Every structure is written in structure tokens, then in C-alpha cells.
Amino acid sequence: MTNPDNRPKDAADLRQKAETLARQRVARTPKDSAGLSPDDIQDTLHELRVHQIELEMQNEELRAAQAEIEAGRARYFDLYDLAPVGYCTLSEKGLIAEANLTAATLLGTNRSALIKQPISRFILKEDQDIYYLHRKQLFQTGEPQECELRLVKPDGTHFWAHLTVIAAQAEDGAPVCRVVLSDITERKRAEEAVARQQRSIKLSSRIANVFLISSRNEVFADVLDVLLKDLDSRFGYLGYIDEAGDLVCPSMTRDVWDQCQIAEKSVVFPRSVWGGLWGRSLMKKQTLIANENLRIPEGHVALENALATPIVHHDNLIGQFVVANKAEGYDKDDRDLLESVAAQTAPILFAIQEEARQKTAHEKLEEQMRQAQKMESVGRLAGGVAHDFNNMLSVILGNTEIAMEDLAPDDPLHNNLSEIFSAANRSADITRQLLAFARKQTIAPKVLDLNRTIKSMLKMLRRLIGEDIDLAWRPETTVWPVRMDPSQIDQILANLCINARDAIADIGMITIETGKATFDSTYCAEHPGFVAGDFVLLAVSDDGCGMEQETLANLFEPFFTTKDVDKGTGLGLATVYGIVKQNEGFINIYSEPGQGSIFRIYLPRYLAATESPEKKNSDKFNQEGDETILLVEDEPSILKMTRMMLERTGYKVLAAGTPEEAIALAREHAGEIDLLMTDVVMPEMNGRDLAKNLRLLYPNLNLLFMSGYTANVIAHHGVLDEGVQFIQKPFAKQDLVIKVREVLDEAKELNR
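Taking UniProt numbering, the leading residue of the sequence shown gets 1, the next gets one more, and so forth.
Calculated directly from the structure, the hints in this document are not laboratory data.
Among these hints, one or two may not hold up.
[Stated by the list, open to error] In silico SDA-like cross-links for lysine to any residue, where the CA-CA straight-line distance does not exceed 25 Å: (1) LYS446 - ALA532; (2) LYS116 - LEU106; (3) LYS153 - ALA104; (4) LYS116 - GLN137; (5) LYS640 - MET685; (6) LYS285 - ASP331; (7) LYS692 - LEU736; (8) LYS455 - LYS284; (9) LYS188 - VAL152; (10) LYS285 - ASP333; (11) LYS284 - MET682; (12) LYS332 - SER205; (13) LYS188 - THR102; (14) LYS284 - ILE638; (15) LYS229 - PRO347; (16) LYS652 - LEU750; (17) LYS748 - GLU624; (18) LYS188 - LEU149; (19) LYS116 - TYR80; (20) LYS581 - THR453; (21) LYS652 - ARG695; (22) LYS285 - ASP315; (23) LYS692 - GLU749; (24) LYS332 - GLU354; (25) LYS359 - CYS524; (26) LYS285 - ILE638; (27) LYS188 - ILE201; (28) LYS581 - SER521; (29) LYS359 - GLY529.
Keep in mind it's a predicted model, so treat the numbers as computed, not measured.
Based on the sequences and whatever the hints tell you, model everything.
Next comes the structure, spelled out in C-alpha cells:
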């Protein structure tokens, strides 16, 4: 092979040498080749073949060398440029002299953009001291250095990297350093996750120990102490949600009690005053952080940072952790930790609350028993007193009347006796009411059609309540018979309407309704006070001032009244209570301050001894349907229950949780919709407005409204047109089937 040092420098030199060799060969060639012997010719040919072979061998060696060079370059590319780690060569001043593709990829830029750039440009500002320290130690000691720091990409994102740095020399002998970069972000995340988990486990363990060893009165304060220490917080509280839905805080940082001058060691925050960070956290059921000065009332402890986490059990809000005034503020780790503690604390706190609720329920049951016994005792006393007093009044009234007959009307004593007679009559009215409350009045029961009996009283009731108050009469089409004294119906309606009239300040409405209701044992078990069986409903409702719970608790006690002295005796509702109980019925009351009241009286359905148990009607009531019903109810549990009732009866149900969803379903539905069954009061659109919208799509759509609170709701949202069908919540399945079938069948009759 030719020595590389003897290779021609360019093509011109190569050509010149080739021509020189050619002339030399021509000079050596005999002029008369014909004179060559055969041996000379053979030697020449042999020499040519040898040279040809040598050239071929040299050419093969060149190709092999070229292939080896190319393979080396490929290996260099694979090993260096495509290495799983980044490689960089830095000058003594820290400038990047060389970098592989992996380093450029890690740093999020092109390799050419790295050259001559200071490596510090790609190091997070907070971590640059780490780099300079190890770089200094490298050049001082010559020992390899390793460190972990965060590198920044041009887009501002950063990642954790492990750097290995060794000292080396460039070709010109200048000192350089070789850097190996490894992305360790995932490892760091795993380490942080493990650390957080260990911290959470330790904290949860300490809190669990608190629940085990602390007394009921100390547990909230002890749990708070553990949290404050672990989260480096100066202030905080642990609260729970009571039965009224208010936040009760039995545990607060001592400084809060002292500085805010709180005397009671348990503070109640009603839902109506929930605000700020902690209030939003409760309302949204979300953890919230505020690393800033918080707006607080004057005289309150200054709060600079705060972290609020709700305690939720099965999506029910049951309490809240709040910590504040951590010097460096709160971060994601603090949030995750407190959320973890809240999740683990939730079932324990729920169990404590449930135990307290059961205790409260037991106490309420005992109170109800005491109340029932008290009512029974008062009734016996009232009955006894009234009975004896009636006897005395009989003497007074009789003798007074006789004496008046013996005197001339213009006799001065006649006027005095007349006053005595009037007072005795008023006293007799009171005794009759007392006897009614005691269930001892003399009655003459009859089988009554409640609708007919009430209708005959409407004129008298309208005079009783006055012209400023409207009286609405909404009877069920047909009601079962009841057996009771007609005068008792008069007493019930008169007393309830007077009570409703006095609850209305100026203009308002009183509504009287009737209906049918059937309750089974399962329903009664879930609704205390209800009795299983078939009942006729008599409901009187108003849109007056409503009543508080304290008033409701004493409502039927004789002589209990919230009216002025000259405006009532306190016996009206006691009389109603006595009459209903005497006829083996029961009363259900719903009232809220400012929302009016509704009295629902359930009287037992009367079945005559000779009467068969409504066989002819049962077939009608049990008829199944196949019509399509659009059901709209914003309470999910009621929506689900009603849908199930209808579907099990054969109806096709389009169920919607909001009016908007109902309109969308109606637009998408390809077939007919036979009935809209909708709640009256919903947050975004009431049932009446929904019906108007849907009748633009289905002009002949039949309507059935339902509500748990009828008269006042309708009055608040406009009185419905005559003929609109209504069903009262709560309703049993049989009541629902009857009503739906009735509405659909009546519509068919009208369309014939």
C-alpha cells in the first residue's frame, strides 16, 4: 500500500506523475517488439496481471477501511449523540463547547443553540449556588463531582437532573470538564410521594391515638393540637355540622378565644353567615388556600395565611379543618396532607355525630312520650273540669233565663241578668271546646261526603275570614266517605280558617283541599306520626307568617296562643286536635317562618259493614297504562321513586331533573308525549312556566302538577287555571296511579 505521506496533493500532480511513468515505460519498451521472445511476452503479461491484482487488492482494502470508518462514525453517533444521558463539554469559564443530542433534547433546544452558551443559563436561579460550589471543588481537587439540581428549559419549565462532572483537557491542553446529565424528575416525584405518604401515615396515627385515648370533651382540642404542630400553624379550629346544618366549633386555638373575648368554649356559625375562605370551602366542599392577609372583623386575631379543608363523608358535609398563620404559607403538600387527614377522620367524626344523633333522637322520643302523656293528662283534666263546669253553667244559664222571663225588659235587673247570660254562653263555648279537646263531647256520627259537607260551609267561611283574604276550594274529584259528626267538620274548618286568617297580615289566600291517601307500614316507619291505612285528606293552608319550631311544639296545648290577649283563647287548635283524635285520625303540619302553614288532617276511610271492599273501583285503579309521560322533579330521590312507580305500571317515562333538561328531552323525543307531570316549584323555572314552554311543542299536552306545599306555593307563583290537575306530596303508588289514570282518561273523554 502507498504511504499516505507520498500521496499526490491534488489531481494535477497525480496526472503529471502518471504521464512521467508512461514515458518511462515507453522508453524501456523495445522498439521492435517483434523481436521479443515468447518468454519475454509471457513475463510481461504476468507482470501486468500481478499489477492488476495488486490494484484490486488495494481497492478492496480502501473500501474496507472506508466501511470501518463509516461504522465507527455510526457507533460514535449511537454511543454519544443517542446516549440515554446527556453529555456536555464545558470550558474553564463554564461555556458549552460540545453537547450531544440527548443533552439538547433534555434542555429543550437545538444543539447548535447550546454551543458557547453558559451552562448556568439553564440552571434554576435558586440552584445555581449548588452548581458553582461543585464546579469550584472540581477544579480545586480534580475529584469527580456529583449533585442534584433543577434545570430550566427555554419555555420556563424545569426538571430535576443529576449531574456527574469530571475534569479533562482539550486537544490544546486547556482545562475542560465533562458533564453527564440525567433526568431524575420521576425519581424525585416518587421520593416526594413516599415522604408525603409517610408524613400522612404518621399524622393519621397520632390523630387515631387521640380518638382512642382522649375523652369526648377533649378529642376536638387534642386533634387540633396535633394538626397545628405538624403544619407549623399558630391558629386553627376543628368544627362539625350539626343537625340544623350550622358549623359548631368546640375547638379553637386558645389565642382566638382570648383575643376575641369568646366566653363560650363552643361557637356556632349559622349557615346564613358562612363567608370568607372557610365559608366558601364549606359551600363548595373544596379545600381552599389563601397565602395573603385575610380580611377579618375588628378585634379578631390577624390571619396572614390560611388553609381550609371540608370533612366529607359519602358526599355529606360533616365538618371542617382550618389552620392559619404558617410563616412560609401553605403549599400543595400541606393541602394533600390535610385532605388525607380529613378523609381518614370523616368516618370517625361521622360515628361520633351519629351516636350523638341517636342520643338526641332518643331524647326527642322521650320528650314526645312526655308530651303525649302531658296532653293526655291535660285532656283528662280539661274534660273533668269542663264536664263539672258545664253542670254549673247549666244552673247559671237556666236560672238566669228564668229570672229574665219574670222581669220586664225595662227592669234594671233584666239588663244585669242579660250580661250574666251572655258571659255564661261564652263560657259554655269554652267548655265545649275543652270537651272536644278531651274527646268527651257528645257527637252524632254520620256517613259523610266530605266534599259536599265542606262546599255547604264555604259561604260562612268566606264571611268568617273577611273580604281581603281569598278562599280557594280545591276538592278531589271523588273522595272516600268518612263517618263523623257534621258539626265536627264545621268546628275543624272554622278553627283552622280563623287560625289561618290571623296569620295573614293583610291580603292573602287560604286554600282548602281534599284528597285520598294510602300509607303502608314501610312508609309509616319512615315518617313518624303517620298511620297505615286508607284516609281522606282535609288540608287547610295559608300564605301567612308561618311558625317557628318552638311554636309548633306547643301548638295543640289548651290555652297556648301567640295572639294578643283579646284575639284568641288558645283553644281553637286544641279543639281540632281533640276532634281528629276522637275520630281516630292524625294531623301533619308543615310551617316555616315567612312561608305560611299547611295543616293536613287525615280521617279514616269509612267502610260500611254491608259494603264490599271497592272491588269495582280497584280494577280501575289498578289499570296499567302505556302512554308516554314527561316527569320533571328537581329532587333526585323523588324523581327516581316516581319514575319507578310509573314504569312499573307500564308507562314510558322521560325523566328530567331540571326544566331545561325537560325541554331538551321533549325536543329530541320523536313520538308523542301524553302527559307532563312536573313539580310546581323548581330553582330555575316553575312548573307553570315549564308547561307553557312545552305546550309550544305539544299543544295538546296534558298536565299534572305535584308539590309538597300547595296553596302558598301556588299563591307565590300565580294561581293555576281551573281544571289543572294536582297531586299532593307525599303520595303512595296507588294514589299516583289513580291520579295519572284519571287525568289521561278524562282527556280521552274530552277528545271524543
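Do the hints match the structure? See the list:
Pair hint LYS446 plus ALA532 holds up; C-alpha atoms about 23 Å apart against a cutoff of 25 Å. Restraint check for LYS116 and LEU106: the C-alpha separation of about 17 Å stays at or below 25 Å, so the hint holds. Proximity of LYS153 to ALA104 is assessed by CA-CA distance (about 10 Å); at most 25 Å being required, the pair is judged to hold. This hinted pair checks out: LYS116 and GLN137 have alpha carbons roughly 23 Å apart, not beyond 25 Å.
For the given pair, LYS640 sits about 20 Å from MET685 by alpha-carbon distance, which is consistent with the 25 Å threshold. For the given pair, LYS285 sits about 19 Å from ASP331 by alpha-carbon distance, which is consistent with the 25 Å threshold. The suggested pairing of LYS692 with LEU736 holds, with an alpha-carbon distance near 23 Å, which does not exceed 25 Å. The straight-line distance between the Cα atoms of LYS455 and LYS284 is roughly 51 Å, outside the 25 Å bound, and the hint therefore fails.
For the proposed pair LYS188 and VAL152, the alpha carbon gap of about 16 Å is at most 25 Å, so the pair holds. Using a Cα cut-off of 25 Å, the hinted pair LYS285 and ASP333 holds, with the two alpha carbons roughly 19 Å apart. Only pairs whose Cα atoms come within 25 Å are accepted, and LYS284 paired with MET682 is accepted, the gap being roughly 21 Å. With a CA separation close to 21 Å, the supplied pair LYS332 and SER205 stays within the 25 Å bound.
A threshold of 25 Å between alpha carbons decides the hint, and for LYS188 with THR102 the separation of about 20 Å falls inside it, so the pair holds. Among the hinted pairs, LYS284 with ILE638 is consistent with the structure: their alpha-carbon atoms are about 24 Å apart, no more than 25 Å. Between LYS229 and PRO347, the direct Cα distance comes to roughly 23 Å. Compliance with the 25 Å bound is thereby established for this hinted pair. Of the pairs offered as hints, the one joining LYS652 and LEU750 holds, with about 23 Å between alpha carbons and a cut-off of 25 Å not exceeded.
At roughly 15 Å between alpha-carbon atoms, LYS748 and GLU624 fall within 25 Å of each other, so this suggested pair holds. Annotation: proposed proximity of LYS188 to LEU149 holds, straight-line Cα distance about 11 Å (limit 25 Å). With a C-alpha separation of about 19 Å, the suggested pair LYS116 and TYR80 falls inside the 25 Å cut-off, and the hint holds. At roughly 20 Å between alpha-carbon atoms, LYS581 and THR453 fall within 25 Å of each other, so this suggested pair holds.
Restraint check for LYS652 and ARG695: satisfied, since their Cα atoms lie roughly 19 Å apart, inside the 25 Å limit. Annotation: proposed proximity of LYS285 to ASP315 holds, straight-line Cα distance about 9 Å (limit 25 Å). Restraint check for LYS692 and GLU749: satisfied, since their Cα atoms lie roughly 23 Å apart, inside the 25 Å limit. The hinted pair formed by LYS332 and GLU354 fails the criterion: a straight-line CA distance of about 32 Å is larger than 25 Å.
About 22 Å separates the Cα atoms of LYS359 and CYS524, which keeps this hinted pair within 25 Å; it holds. Between LYS285 and ILE638 the alpha-carbon distance is near 24 Å, which keeps this suggested pair within the 25 Å criterion. For the given pair, LYS188 sits about 20 Å from ILE201 by alpha-carbon distance, which is consistent with the 25 Å threshold. A threshold of 25 Å between alpha carbons decides the hint, and for LYS581 with SER521 the separation of about 20 Å falls inside it, so the pair holds.
At roughly 20 Å between alpha-carbon atoms, LYS359 and GLY529 fall within 25 Å of each other, so this suggested pair holds.
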